[in-house]
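Novice: Spelled out, the chains give:
Protein chains: 2
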Amino acid sequence: MPLQPSMKLISVDDHLIEHPNVWTDRLPQKYLDQGPRIVDEPSSTGGAPIQVWYYDGKRFPAIGLNAVAGKKPEEFGVEPVRYADMIPGCYDPKARIVDMDLDGVYGAVNFPSFPRFAGGLFTKESGDFELALACVQAYNDFLIDEWCAVAPHRFIPVIILPLWDTDRCVEEIRRCAAKGAKGITFPENTVPLELPSIYTDHWDTVFSVAEETNMPLCMHFGSSGSPPVTAPEAPYAVTISLYGTNSMSATAHLLFSPVFHRHPNLKVALSEGGVGWVPYLLERIDGTWERHRWYQNVVKDIRPSDLFRKHIYGCFIDDVAGLKARYDIGIPNMTWECDYPHSDSYWPHSRRYAEKAFADIPDSEVHQIVELNARKLFNFYDEPAV
Amino acid sequence: MPLQPSMKLISVDDHLIEHPNVWTDRLPQKYLDQGPRIVDEPSSTGGAPIQVWYYDGKRFPAIGLNAVAGKKPEEFGVEPVRYADMIPGCYDPKARIVDMDLDGVYGAVNFPSFPRFAGGLFTKESGDFELALACVQAYNDFLIDEWCAVAPHRFIPVIILPLWDTDRCVEEIRRCAAKGAKGITFPENTVPLELPSIYTDHWDTVFSVAEETNMPLCMHFGSSGSPPVTAPEAPYAVTISLYGTNSMSATAHLLFSPVFHRHPNLKVALSEGGVGWVPYLLERIDGTWERHRWYQNVVKDIRPSDLFRKHIYGCFIDDVAGLKARYDIGIPNMTWECDYPHSDSYWPHSRRYAEKAFADIPDSEVHQIVELNARKLFNFYDEPAV
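The listed protein sequences correspond, in order, to chains A and B. Numbering-wise, the first sequence is residues 0 to 385 according to numbering that gives the first Met the number 0. Numbering-wise, the second sequence is residues 0 to 385 according to numbering that gives the first Met the number 0.
I should point out that these hints are in silico values taken from the structure, not numbers from a laboratory. In this text, all values refer to a predicted model and were calculated from it rather than measured experimentally. Heads up, none of these hints are tricks.
Simulated crosslink set (SDA-like; lysine to any residue; CA at most 25 Å straight-line):
| hint | chain 1 | residue 1 | chain 2 | residue 2 |
| --- | --- | --- | --- | --- |
| 1 | A | 309 | A | 289 |
| 2 | B | 299 | A | 238 |
| 3 | B | 123 | B | 31 |
| 4 | B | 71 | A | 295 |
Next comes chain A alone, as it looks inside the complex:
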């Protein structure tokens, strides 16, 4: 029984759906019309009205894309939904705690939905960047003061950044660190978002303040806004099955970059990307480094896989290939995820599936993977009761 009752499952990759008033509750009066708000619209198929976000004059359907917790795969779909079509745990933190208890999950990082996984929406879709900054701050205040405040020892606050302005990023990281933030969402690649790459010195102040405040960068697959689409006619299943290649790309992109050389205390969590590919990719990256570093702008005396072991964390739900290869990945680099309320999640049976997945793994390794590594990564510990 390798997953002992005393081991607390900490999911480093869950998702929250912002309730309709996240921004209207917080933005100054002058921004209430432009800021994100939910509008009821007639359904084009004649059913119940649908609910869509409006922001800065643009319409964003699919409020709860992939928020399928509680449904059977036979009922899955990708169409926009109404709040009434989701279980309340999607958007209500108290209901979420009940759902986590039901699932046997103790703690969780939640990624944003409407702002996109790394808050890229406010960078890409804004005309007014004063408004956009207010929206970023409002989301982070909602996350820390409203969502995580419901159960501060169970929710790990991971904030979004005003990515278009690194000075504002630095200020927002400091502001949120002071009120308890534990991590920072960051795009797996900034280039598709039309932002400078991590090979420039553009992000140095941001990465330095992340180091200072001891907060990892959480790079969720898809956060670059460049989903792996192979053909216009290919079903979405192709993209879903290939999303992990975005995390592979982020890994090579990071390991050959100056980032970890300039920021020796920076940590990166690759979110939802799986881990089964890690041994193959590190072997390939090291082999490339062995042969091609001489004539390229690559650090010549530090092996990329050593950087991986020191700086990068992967996560998985039930990656059989990854667990078999765990010693080649590195137990300290592996964390667990639930993915509530998305379609990869086993909710409300996550703990039962984890027991099955970890059946042949020694206790101490399981404990590191499901709980201890995440606590260390996010500096997230139960404080003594007052």
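Got chain A; can you put chain B on it based on the hints?
Specialist: Below, chain B without anything else, positioned relative to chain A:
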């Protein structure tokens, strides 16, 4: 000693550099000026003249990109070269056989260089498609009648196609099959080449004639013309280390497509993509299929990993992760490659490295991987001496 002396190494992924007269020797007089020809040009750095291809009024530098066999990694580079900078085995089939003997390699598939891995150059860079067709036929005639004819039991002819016209593809496959071709290069994805995807019925006649003539499609990484580039400033090492993700993408693209359902005898060889990622990706693809097939245009009663085992072959040089996970990949789906004369190759020590890589693998598995699977895939057997 698991790699027994009796086992013949067959490389399913080597490369030839076309000598300067491949097309001038064969094209009709009227095309001699437009067809591919080598021009000596002064070097911009003041050194010896460089040699570049001209085709249909366009200039193509880098005649021997990555043709580094015989050099040490410290001497590698990506600059264009002269024929005199390469060892003759790059472009001379008799010298190649000598180099293969030196390397302990018995048989080899060679991919084209100037026409690109799947002949995409003639599709993408031609103004005159009558000329382009003559160039495709000339390459295939060179390959079969000049290159492979030097040692027909050691060279496996894998032809290129006039991809812009499926009727011409069918004719060319039949024409070349009749003179001994054993395989067909095909892009890992046709969409980036601005050709219809394999989700349409566009390629059905081509795939049917490949089945009829018992020739696998060889999909070399990079043959889609969409290299994995993460940032303008990222060193080429990032792209090199991520090329295998193109093969992963090709795998998901194929397994969710109608191709293997419509063409139950079609085989696909993924060339140079490694195999260490296969267990992770098949698990992910099957999981996606389990959960998402109900509402998507995906075949519902055949598991994608079963299709993989029946139809797809991977290859590798010394993929430690892949060899450890070989039972999850499937021994019958694994083949070996040398990659002469490119930078991944261990030439002239390939056999020695293979001995090391296979040291802990049972003999019968090694034999399948290094020789027997490739013979079966390409229907390539030593014929009895007359």
